[in-house]
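**Q** Use the sequences and the hints to build the structure in full.
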Amino acid sequence: MLLIHCPYCDEERPELEFRNAGEAHIARSNNIAAESDEDFEKFFFIRSNPKGVIFERWRHIHGCARFFNAARDTITDRFLLTYKAGEPKPDLTKLAADAGPAAWANRPPDQLNEKPKAKRPTKGEA
Amino acid sequence: MRKYSVFAIAREAMRGHKGWEEQWSSPEPKSEYDVIIVGAGGHGLATAYYLAKEHGITNVAVLEKGWLGGGNTGRNTTIIRSNYLYDESAGIYDHALKLWDGLSQDLNYNVMYSARGVMMLAHNVHDVQVLKRHVHANRLNGIDNEWLTPEQAREFCPPLNISASARYPVVGASLQRRGGTARHDAVAWGYARGASDRGVHIIQNCEVTGVRRTPDGRVSGVETSKGFIGAKKVGVVAAGHTSVIMNMAGVRMPLESYPLQALVSEPVKPVFPCVVMSNTVHAYISQSDKGELVIGAGTDQYISYSQTGGLHIINHTLDAICEMFPMFTRMKMLRSWGGIVDVTPDRSPILAKTPVPGLYVNCGWGTGGFKATPGSGNVFAHTIARDEPHPINAPFTIERFRTGRLIDEAAAAAVAH
Ligand SMILES: Cc1cc2nc3c(=O)[nH]c(=O)nc-3n(C[C@H](O)[C@H](O)[C@H](O)COP(=O)(O)OP(=O)(O)OC[C@H]3O[C@@H](n4cnc5c(N)ncnc54)[C@H](O)[C@@H]3O)c2cc1C
Ligand SMILES: [Zn+2]
Numbered sequence: 412m413l414l415i416h417c418p419y420c421d422e423e424r425p426e427l428e429f430r431n432a433g434e435a436h437i438a439r440s441n442n443i444a445a446e447s448d449e450d451f452e453k454f455f456f457i458r459s460n461p462k463g464v465i466f467e468r469w470r471h472i473h474g475c476a477r478f479f480n481a482a483r484d485t486i487t488d489r490f491l492l493t494y495k496a497g498e499p500k501p502d503l504t505k506l507a508a509d510a511g512p513a514a515w516a517n518r519p520p521d522q523l524n525e526k527p528k529a530k531r532p533t534k535g536e537a
Numbered sequence: 003m004r005k006y007s008v009f010a011i012a013r014e015a016m017r018g019h020k021g022w023e024e025q026w027s028s029p030e031p032k033s034e035y036d037v038i039i040v041g042a043g044g045h046g047l048a049t050a051y052y053l054a055k056e057h058g059i060t061n062v063a064v065l066e067k068g069w070l071g072g073g074n075t076g077r078n079t080t081i082i083r084s085n086y087l088y089d090e091s092a093g094i095y096d097h098a099l100k101l102w103d104g105l106s107q108d109l110n111y112n113v114m115y116s117a118r119g120v121m122m123l124a125h126n127v128h129d130v131q132v133l134k135r136h137v138h139a140n141r142l143n144g145i146d147n148e149w150l151t152p153e154q155a156r157e158f159c160p161p162l163n164i165s166a167s168a169r170y171p172v173v174g175a176s177l178q179r180r181g182g183t184a185r186h187d188a189v190a191w192g193y194a195r196g197a198s199d200r201g202v203h204i205i206q207n208c209e210v211t212g213v214r215r216t217p218d219g220r221v222s223g224v225e226t227s228k229g230f231i232g233a234k235k236v237g238v239v240a241a242g243h244t245s246v247i248m249n250m251a252g253v254r255m256p257l258e259s260y261p262l263q264a265l266v267s268e269p270v271k272p273v274f275p276c277v278v279m280s281n282t283v284h285a286y287i288s289q290s291d292k293g294e295l296v297i298g299a300g301t302d303q304y305i306s307y308s309q310t311g312g313l314h315i316i317n318h319t320l321d322a323i324c325e326m327f328p329m330f331t332r333m334k335m336l337r338s339w340g341g342i343v344d345v346t347p348d349r350s351p352i353l354a355k356t357p358v359p360g361l362y363v364n365c366g367w368g369t370g371g372f373k374a375t376p377g378s379g380n381v382f383a384h385t386i387a388r389d390e391p392h393p394i395n396a397p398f399t400i401e402r403f404r405t406g407r408l409i410d411e412a413a414a415a416a417v418a419h
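Same order as they appear, the protein sequences are chains A and B.
In this text, residue positions in the first sequence follow the numbering used here: the first is 412, and each later residue adds one.
In this text, residue positions in the second sequence follow the numbering used here: the first is 3, and each later residue adds one.
Just so you know, these hints were derived from the structure itself, not from any lab.
Treat the numbers as computed from the prediction; the structure is a model and nothing was measured.
Glycine is no exception: its CB is placed at the ideal position from the N, C-alpha and C atoms.
Don't take each hint at face value.
Said to hold, decoys possible - Have a look at the derived ranges for each label pair, beta carbon to beta carbon:
1) 486(A) to 336(B): 22 to 30 Å
2) 168(B) to 445(A): 46 to 54 Å
3) 337(B) to 487(A): 35 to 43 Å
4) 463(A) to 334(B): 34 to 42 Å
5) 502(A) to 217(B): 32 to 40 Å
6) 445(A) to 405(B): 12 to 20 Å
Stated by the list, open to error - Straight-line distance between alpha carbons at most 25 Å, and here's what the computed SDA-like set of lysine to any residue pairs gives:
7) 67(B) to 225(B)
8) 500(A) to 246(B)
9) 67(B) to 484(A)
10) 500(A) to 474(A)
11) 355(B) to 212(B)
12) 355(B) to 450(A)
13) 67(B) to 459(A)
**A** Here is the structure:
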């Protein structure tokens, strides 16, 4: 079970509240009928399926119900970052290794009993 | 290779079992082979075996990054059946089923294929319609599949709860009597032994890290953790890692890799005579010859190479198992694990030539390829040896995702294995 930070609710919530919605940043053509078979195949069927960092869409279906994007490592299942839909694809080289622990399961052993530090100020502060 | 037989057992018993040979040899890689197979799962090893046995191509290496049979082959719940909906699927899965019958003799290795029957449960009107459609379509293809009433289902599988007040009432079932199970490890070991005996090199702990191509685009070999190994033909049979390896050759695939979990209970005396699957509640169960209940769960919802999966996934499956078989509610589960399965958009495999000359791919078996192991290896060997597909795997191209000629078992069943 993953722990996922919804960028709209600004809270980490259990995976059960979310639906994965596939690879992110795949642009749908404005004129889909005019797409060549090759381009339609790329858009619809071909997936990068990386072993490493993936950009993917999630939907907080049992929360705010909104779609957002995430960068996650598919080897450790650890989230590097979640960000709002429409925001540009983040530059991975700029993501610090410790960009907000989101998956309890993959926390280093010495931090296992530690609560994740809030990345952003929580409500009331700021 | 010394044949296994009752005489061999007697002879070895007389001399203190000192004469048993290693089942396969573990040579150092040569610099060049006629064919390299990437991945020593059941499908890769079967491919090498049939290349040698049926096509006389013995200068073959099977490269495996871990140990042979340690991927999905050694992690699956071993359900074997061929009652898929579409003609193309019926063709390839039943080709495999025919080979299962007789495989132990062919390999001189007991793969423990047991045609104990696979029963699929219907819990609602929609299930009834779908399963009956399968029964009819299968019969038209000459594949056995029959419809059972709830009472007949319980007669075939006494532990089944068919009470009308059950949370998932059983309103009928389909039964393929030729379906069943086999011993997964023995399948890998038997093919490895048969291939090695015919001269195939099985090289374990040898990870493929690159695919080398000539200036005109042809395959010329692979980079590995043991150095470069040349070959004009390379067959990729790497299940969950197919996208990774095909990327090394510049080919992007219509695949996504997901964790799929299974678990086994403590061993008990024989209580469960057959295989039962329920697509709707997503549970499948059988009892191994060791006595463990073997239970398969669903995939996680996200792409992962972690070979684990979420606890809530197996929990959900156990909820369903306990509802359908109340006698199992107090069983203890001993072990659970995950494998990484490569899923295509239409849930049918790809066994084909690729846009890169000399590069072949056998993948996309997803949650249900163990049953196809002999048939898949058999026609994939043909595809590599002749550089053209066998009629049975000809429909399973990569191009179908461009042309639209999908083999849409996803729509037909929408479920695993
Ligand atoms: C939990 C679970 C339950 C299942 N239940 C069933 C079932 O009941 N019935 C059924 O029919 N199917 C089932 N399946 C599916 C079935 O296990 C697979 O479809 C089948 O075993 C695939 O066989 P394979 O030989 O293609 O892959 P694998 O056995 O996974 O072999 C691929 C091999 O490639 C190797 N490899 C990967 N990358 C590299 C590299 N770079 N270099 C070298 N080697 C590499 C891997 O280490 C691996 O050994 C199940 C799968 C799982 C995970
Ligand atoms: Zn939210």
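**Q** Run every hint past the structure and note whether it holds.
**A** A quick look at each hint next to the structure:
1. For the hinted restraint 22 to 30 Å between residue 486(A) and residue 336(B), the CB-CB distance of approximately 27 Å keeps it satisfied.
2. At about 52 Å, the CB distance of residue 168(B) to residue 445(A) agrees with the hint of 46 to 54 Å.
3. Under the hint 35 to 43 Å, the C-beta atoms of residue 337(B) and residue 487(A), about 22 Å apart, miss the expected range.
4. Distance hint check for residue 463(A) and residue 334(B): the Cβ-Cβ separation is about 37 Å, which falls inside the suggested range of 34 to 42 Å.
5. Roughly 34 Å separates the CB atoms of residue 502(A) and residue 217(B), a value that falls within the hinted 32 to 40 Å.
6. For residue 445(A) and residue 405(B), the Cβ-Cβ distance of about 18 Å falls inside the hinted range of 12 to 20 Å, so the restraint holds.
7. For the hint pairing residue 67(B) with residue 225(B), the CA-to-CA distance comes to about 12 Å; that is within 25 Å, so the pair holds.
8. A hinted pair counts as satisfied when its Cα atoms are at most 25 Å apart, and residue 500(A) with residue 246(B) qualifies at roughly 22 Å.
9. For a cut-off of 25 Å, the pair hint linking residue 67(B) to residue 484(A) stands: about 21 Å separates their Cα positions.
10. About 24 Å separates the Cα atoms of residue 500(A) and residue 474(A), which keeps this hinted pair within 25 Å; it holds.
11. Annotation: proposed proximity of residue 355(B) to residue 212(B) holds, straight-line Cα distance about 19 Å (limit 25 Å).
12. Simply put, residue 355(B) and residue 450(A) have alpha-carbon atoms about 21 Å apart, close enough for the 25 Å limit, and the pair holds.
13. Simply put, residue 67(B) and residue 459(A) have alpha-carbon atoms about 22 Å apart, close enough for the 25 Å limit, and the pair holds.
Figure legend: structure checked against the earlier numbered hints; the only hint not met is number 3.
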